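Asks: Read off the chains here:
There are 2 protein chains.
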Amino acid sequence: MRTRATELFGIEYPIFAFSHCRDVVAAVSRAGGMGVLGALYFSPEELELELKWIDEHVGGKPYGVDVVMPAKYEGAELGDAEEMLGKLQGMIPAEHRKFLDDLLAEHGVEPSTETAHRALLGWTDQTARPQVEVALRHPIALLASALGPPPADVVAEAHEKGVKVAGLASNARHARKQTDVGVDIIVAQGTEAGGHTGDVSTMVLIPEVVDAVGDETIVLAAGGIGRGRQMAAGLALGADGVWTGSIWLTVEEADTPERAMPKLLAATSRDTVRSRAWTGKPARFLKTAWTDAWESENSPGTLPMPMQFMLIADALPRIARSGDGELVTFPVGQIVGSMNQVKSTSQVVYDLVEEFVESMERLNRITED
Amino acid sequence: MRTRATELFGIEYPIFAFSHCRDVVAAVSRAGGMGVLGALYFSPEELELELKWIDEHVGGKPYGVDVVMPAKYEGAELGDAEEMLGKLQGMIPAEHRKFLDDLLAEHGVEPSTETAHRALLGWTDQTARPQVEVALRHPIALLASALGPPPADVVAEAHEKGVKVAGLASNARHARKQTDVGVDIIVAQGTEAGGHTGDVSTMVLIPEVVDAVGDETIVLAAGGIGRGRQMAAGLALGADGVWTGSIWLTVEEADTPERAMPKLLAATSRDTVRSRAWTGKPARFLKTAWTDAWESENSPGTLPMPMQFMLIADALPRIARSGDGELVTFPVGQIVGSMNQVKSTSQVVYDLVEEFVESMERLNRITED
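Chains as they are written, first to last, in UniProt numbering: chain Z, 1 to 369; chain X, 1 to 369.
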């Protein structure tokens, strides 16, 4: 296959795979696509170890790193990371802490033994910059930025090192903001996607973004893409490749939490919800008692980014290991309905390509004279 | 182009066009697609006149009729149409009537001069059956049913007359319910569509439905399809054709209300909302003061189908012709963002086909060796 995306990176298939798991990232790149490691949850030291591992296991193939540098969040003006975190902790209302404690108790989750706020990593400019510095010391091919255009100096630094920059956008206006600061690749992500999403569907969004950014910019289609037919659809809409995420949560190599895995495998496409209950911004998750509770009448409402995640961060590992399991949720898109079987990462890549080829053959039969 | 849908109906392009306007229906069929008249707002006598006109203007090409026979609604057990309407009118709470009157007054809409409930046509089995009887006396090729599987006897009667039956479905389970009663064609409609919609996007929904209904059933892709690239994407996802609706609201032949037209032309893909404020079931509309008001804190909430529409039916023509215009809304999908120019119906058909061909050429360049 040959698109501007495959040519730019010298990859076989225009399949980009976002994952927080280094094994998946390396396996996708080795299989002919391009893995992109989500750096969000790693400290700079941890990220260094992850990237070193990938460098050793990716077989010389290109890979990328994704950081979160939101354009808007509480605390942007509150000083450096340490200072900001302290001040933000003090701003979390007692009502919210009580609601969370009661919710956890109701579901039998073990109580907290410490006050952890180290878990806030990468949700802010202050905390993401050290991740970028680590990433750019490695031979990465792509630096991706979620939640708004990356700072101009970050784009410039990446470009100096020959690293391409991608930005996620959920509408045409945001896409143009990204190209204005020199982003090379727009990941146009429809509302059906997992994690942070807008409200426009992939079907409607991709042609709009392709037309809005013009011929100089590569567009990848994201949201609802997990099968070869969807890959063909994404390219038919005008994209030069597809950006996938959810489908890598249920591969053999994935480090998805043990109690989330069976829920993901059992869920239908109707079992997700866009909710602010994790990060403070609308993001698509598995609909569980967690998302229900924050939407309920008793809910104090969610806090703005990054305070919502600061509030809950300490509870997440406890929810993952204790209690009745009903609060366990996970960021995932509507494609979760097709994720019913655990396969190897390379098999998922090959299945995507095989069904893509079948879809192309069918399309050509439709149009042949 | 050749799909099972074009072969079944002997049409040139697998483009199905839903419209309440007879001129659009006839023009799409004459241009090589297939027009489908929405019968909802016509009395049996009016529908007879509309179909007679189409018979005379469609040039012998096939066309269809779409009725609404919801599987679930208030009043199903309340007797015949006349009796049911009277009883349901009495069940509308005074609080809702007052909220509506205040809202209309606030926006300068002229007061009511009559109590009209004739506008409730076709939202129920009782009121839709006379429409079906009229439709089946005409040489229609397709009878489509929105909001759940049509009654088995209606399917049987259509089949006896050689008329194919289509059913709209917004998830795979509903699609199977339709095929269980003998529906020939599933219109699988994503959440981005205008009018009544589910919550799963077209990108995710189409492969699910295609796989769920098996090879015997033709699937049409609906929701977010208004351009040739989206048509290509719909077929790539496994559909045998596309079902379009919104894009026919802004063609030259359309009888779209005068004050709605400029709003449709100006709207972006982000200016729609799924709301119960029109029919009582979730349907996608232009987001205006009307949809905002019914979602606001002061709202008494919406009534179940068909009572919500009975409550508001009398006000709609007054909103359309008087007041500040802010309450004017219209059912439309997210594709409204691409509807920026008034063109003839035939031009829209040709543009769809032309961009589809371009998209196919691009896909083939991507895959050529």
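No wet-lab data here; the hints were simulated from the structure.
Just so you know, not all the hints are guaranteed correct.
The list cannot tell twin chains apart, which means a pair is met if one copy fits it or any two copies do.
[As the list claims (entries may be wrong)] Mimicking DMTMM-like on lysine to aspartate or glutamate, the simulated pairs with C-alpha atoms at most 25 Å apart in a straight line are:
(1) K287 - D199
(2) K98 - E157
(3) K177 - E354
(4) K287 - E368
(5) K52 - E358
(6) K164 - D211
(7) K263 - E110
(8) K164 - D102
(9) K52 - D180
(10) K287 - E56
(11) K287 - E7
(12) K343 - D211
(13) K263 - D211
(14) K87 - D211
(15) K343 - E12
(16) K287 - E45
(17) K161 - E110
Keep in mind that this is a model prediction, so the values were computed, not measured.
Asks: List in ascending order the numbers of the hints, as given earlier, that are violated by the structure.
Replies: 2, 3, 4, 5, 8, 9, 10, 11, 14, 16, 17
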